[in-house]
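Student: The chain contents come next:
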Amino acid sequence: MLIKLKQFAKSLSFKVGIVIILVEIITLSILGVFYINRFSIEVDQRINHNAQLPGLLINEGVLDLDAIADSEIMHHIVGEELLSGMIIGINGTIYCSHDNKFLGKNISQIDNVDHALLDFNNTQIQSYFFKDRIISFSPIFASDKITPQFFVYIELDTRETNTEKEINRNIFILGSVLTILITSIIIIMVFSRTVTRRVHSLTKILRQAEKGDLTVRSNYISSGDEIGIIQLRTNAMLAANQEFKEKQIKAQKELKKYSENLEAMVRERTIKLGVINKELEAFSYSVSHDLRAPLRGIDGFSQALLEDYESKLDKQGKDYLNRIRSATSRMSELINDLLSLSRIAQKKLNYEKVNLSKMVNEIVEDYKKLQPEREIEFKIVPMLTTAGDKKLIRIVLENLLSNAIKYTKNNNNTIVKFESININRSKVFVIRDNGVGFDMTYKDKLFVPFQRLHSQLEFEGTGIGLAIVQRIINLHNGKVWAESQVGKGAAFYFTLKS
Amino acid sequence: MNKKTILLVEDNPDDEILTLRALKKDNLANKITVARDGEEALEYLFGKNHDGNDLPVLIILDLKLPKIGGIEVLRKIRSEKKTKLLPVVILTSSNEEKDLIESYSLGANSYIRKPVDFNQFLEAARQLKLYWLVLNESPPVR
Chain A
1 MLIKLKQFAK
11 SLSFKVGIVI
21 ILVEIITLSI
31 LGVFYINRFS
41 IEVDQRINHN
51 AQLPGLLINE
61 GVLDLDAIAD
71 SEIMHHIVGE
81 ELLSGMIIGI
91 NGTIYCSHDN
101 KFLGKNISQI
111 DNVDHALLDF
121 NNTQIQSYFF
131 KDRIISFSPI
141 FASDKITPQF
151 FVYIELDTRE
161 TNTEKEINRN
171 IFILGSVLTI
181 LITSIIIIMV
191 FSRTVTRRVH
201 SLTKILRQAE
211 KGDLTVRSNY
221 ISSGDEIGII
231 QLRTNAMLAA
241 NQEFKEKQIK
251 AQKELKKYSE
261 NLEAMVRERT
271 IKLGVINKEL
281 EAFSYSVSHD
291 LRAPLRGIDG
301 FSQALLEDYE
311 SKLDKQGKDY
321 LNRIRSATSR
331 MSELINDLLS
341 LSRIAQKKLN
351 YEKVNLSKMV
361 NEIVEDYKKL
371 QPEREIEFKI
381 VPMLTTAGDK
391 KLIRIVLENL
401 LSNAIKYTKN
411 NNNTIVKFES
421 ININRSKVFV
431 IRDNGVGFDM
441 TYKDKLFVPF
451 QRLHSQLEFE
461 GTGIGLAIVQ
471 RIINLHNGKV
481 WAESQVGKGA
491 AFYFTLKS
Chain B
1 MNKKTILLVE
11 DNPDDEILTL
21 RALKKDNLAN
31 KITVARDGEE
41 ALEYLFGKNH
51 DGNDLPVLII
61 LDLKLPKIGG
71 IEVLRKIRSE
81 KKTKLLPVVI
91 LTSSNEEKDL
101 IESYSLGANS
111 YIRKPVDFNQ
121 FLEAARQLKL
131 YWLVLNESPP
141 VR
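Quick note, the sequences are listed as chains A and B, same order.
Sequence positions in the first sequence follow the working numbering and run 1 to 498.
Sequence positions in the second sequence follow the working numbering and run 1 to 142.
Relax, there's no trap hidden among the hints.
Chain B regions said to be covered by chain A (calculated; three or more residues, Cβ under 8 Å):
{"id": "1", "region": "7–15"}
{"id": "2", "region": "92–98"}
Quick list of in silico lysine to aspartate or glutamate cross-link-like pairs, EDC-like style, CA-CA up to 16 Å:
{"id": "3", "chain 1": "B", "residue 1": "Lys64", "chain 2": "A", "residue 2": "Asp290"}
{"id": "4", "chain 1": "B", "residue 1": "Lys64", "chain 2": "B", "residue 2": "Asp37"}
{"id": "5", "chain 1": "A", "residue 1": "Lys101", "chain 2": "A", "residue 2": "Asp70"}
{"id": "6", "chain 1": "A", "residue 1": "Lys347", "chain 2": "B", "residue 2": "Glu96"}
{"id": "7", "chain 1": "A", "residue 1": "Lys165", "chain 2": "A", "residue 2": "Asp44"}
{"id": "8", "chain 1": "A", "residue 1": "Lys358", "chain 2": "A", "residue 2": "Glu419"}
{"id": "9", "chain 1": "A", "residue 1": "Lys409", "chain 2": "A", "residue 2": "Glu375"}
{"id": "10", "chain 1": "A", "residue 1": "Lys347", "chain 2": "B", "residue 2": "Glu97"}
{"id": "11", "chain 1": "B", "residue 1": "Lys64", "chain 2": "B", "residue 2": "Glu16"}
{"id": "12", "chain 1": "B", "residue 1": "Lys24", "chain 2": "A", "residue 2": "Glu307"}
{"id": "13", "chain 1": "A", "residue 1": "Lys145", "chain 2": "A", "residue 2": "Glu60"}
{"id": "14", "chain 1": "B", "residue 1": "Lys67", "chain 2": "B", "residue 2": "Asp11"}
{"id": "15", "chain 1": "A", "residue 1": "Lys409", "chain 2": "A", "residue 2": "Glu458"}
{"id": "16", "chain 1": "B", "residue 1": "Lys25", "chain 2": "A", "residue 2": "Asp308"}
{"id": "17", "chain 1": "A", "residue 1": "Lys348", "chain 2": "B", "residue 2": "Glu97"}
{"id": "18", "chain 1": "A", "residue 1": "Lys278", "chain 2": "B", "residue 2": "Glu96"}
{"id": "19", "chain 1": "B", "residue 1": "Lys98", "chain 2": "A", "residue 2": "Glu281"}
{"id": "20", "chain 1": "A", "residue 1": "Lys390", "chain 2": "A", "residue 2": "Glu352"}
{"id": "21", "chain 1": "A", "residue 1": "Lys417", "chain 2": "A", "residue 2": "Glu398"}
{"id": "22", "chain 1": "A", "residue 1": "Lys409", "chain 2": "A", "residue 2": "Glu373"}
{"id": "23", "chain 1": "B", "residue 1": "Lys67", "chain 2": "B", "residue 2": "Glu39"}
{"id": "24", "chain 1": "A", "residue 1": "Lys348", "chain 2": "A", "residue 2": "Glu281"}
{"id": "25", "chain 1": "A", "residue 1": "Lys348", "chain 2": "A", "residue 2": "Asp389"}
{"id": "26", "chain 1": "B", "residue 1": "Lys76", "chain 2": "B", "residue 2": "Glu43"}
{"id": "27", "chain 1": "B", "residue 1": "Lys25", "chain 2": "A", "residue 2": "Glu307"}
{"id": "28", "chain 1": "A", "residue 1": "Lys131", "chain 2": "A", "residue 2": "Asp44"}
{"id": "29", "chain 1": "A", "residue 1": "Lys406", "chain 2": "A", "residue 2": "Glu375"}
{"id": "30", "chain 1": "B", "residue 1": "Lys84", "chain 2": "B", "residue 2": "Glu72"}
{"id": "31", "chain 1": "A", "residue 1": "Lys409", "chain 2": "A", "residue 2": "Glu460"}
{"id": "32", "chain 1": "B", "residue 1": "Lys24", "chain 2": "A", "residue 2": "Asp308"}
Treat the hints as calculated values from the structure; they're not laboratory data.
Ideal Cβ positions, reconstructed from N, Cα and C, are used throughout, including at glycine.
Just chain A, with the same shape it has in the complex:
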């Protein structure tokens, strides 16, 4: 009950009701002040008129002065409210009275009369209103109709008219209260029927929609009012949402179907890929074992010939055999390179923090021991770190540094730098040399296995180093590229992503 009341106190109907009651109270109060005032004035005028009537009648000659003393006539003229009636001379002497004991006396001698009020020089009718009586003091003129000869003093009891005013006021207030109550109840009921109930039903529908039932619709009545418009728009919104939801469900179903297909596809591909990987491993093994065996035969028997039949071979024969041997050795190198390339592709990465600068320093120290005759100035920026597979990154750095050292072998003063730069907010590592460089026209061939930009005679090598570098960088989701100008050195850039 209390909750319901509280809810009602918050409702729109209640608020509207309060506003209406306030408006009615203000309106009725204003009206009431006017009406009650008007009524009171009318009553006062009526009784005042009654009080003035004897004076008027005497002046008109309709009534004799003596009639004032005749209570029957007087009651007839002014009514039952008469308290006293007197004819007073301009000197104050009472000539005629309803009470004989006043006759001949001066008005100032009579206690009950407020004689100080009475103005004997005034030729206008004087009216004095008191709480429960009224006094009228009218001049009776001589035949010239200007000079007052006598004054008529009439005193009337106003208690009855006061009561009349009071009753009238109470009736008005009661009527007002009843009007306010009835109209507000009616208005609240009408409002509730036209607004609150519809708002409630709308709320209910919206709540159902909120719970996921988008099929509900408001009972739209084409009333054309604001709530009608809200109902219409709500229905439109619900319909649109329902359509959207249906589309979404359909799309989700399709997506699920698609993803299931995709999963099956991925599974299938993974199996195939596994098979291919196995085949590749078997191939590598076979290459490692079987391709090398005949080479060993060629080399071994060439050597046996050179050693065991030395005396029977002339210089050219020995040269041919030596050429056979160096060709087999190169073939063997190529096989090894091919193998290492295929092994890197199958490797799983073991991520850890790598101090590249430290690694470069170590590699450089090894080179210095291997080639002490080379005078190379190494400029290595310290503390450059990244994350990656330590073993593989070492292979990258070894290859790039060995290239830098290899292609600067004809230089007088060699400088090899290791540094990092920022490109588009990502860290790029660079190895620079001031060696022979290469023609940028062929930059795409750099990273292709066994593709070389220099002859074997100029610079030894199989052309696998940069292919291995690119594979390792690819495994790290990084990028590797090079910039160069013939004769002006080369720069190899790489990025690594975790």
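Model the placement of chain B on the given structure of chain A, informed by the hints.
Tutor: For chain B alone, coordinates are given in the frame of chain A:
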């Protein structure tokens, strides 16, 4: 001791000739028996025609063999009481990590990769001979 046999398990005739040539180069007096596949090797070691006295002092074992592979032969050697202490040197073309690990974990005494350059091969053979036949004490024959 010089009468003792070396068992060479090798299927490739070229490698066989070259290995024999290399081993003999330093006037090795040992008798060298060649088995051309895993089955033959096992037959030599465990067959009915052979008793304990004929056990070789050294087994040089290739991994990639017809019929029964070198790894299987090694496993068998190490699982049999009479052969489990025999020195076994793996001499193979393969440099696959898994072969290396498997050989050592099965108890191979040495793993030598056959190089293509025959000079290196000779050097390897020489080291092999020196270590296993001259310096190393053979396990007692029971």
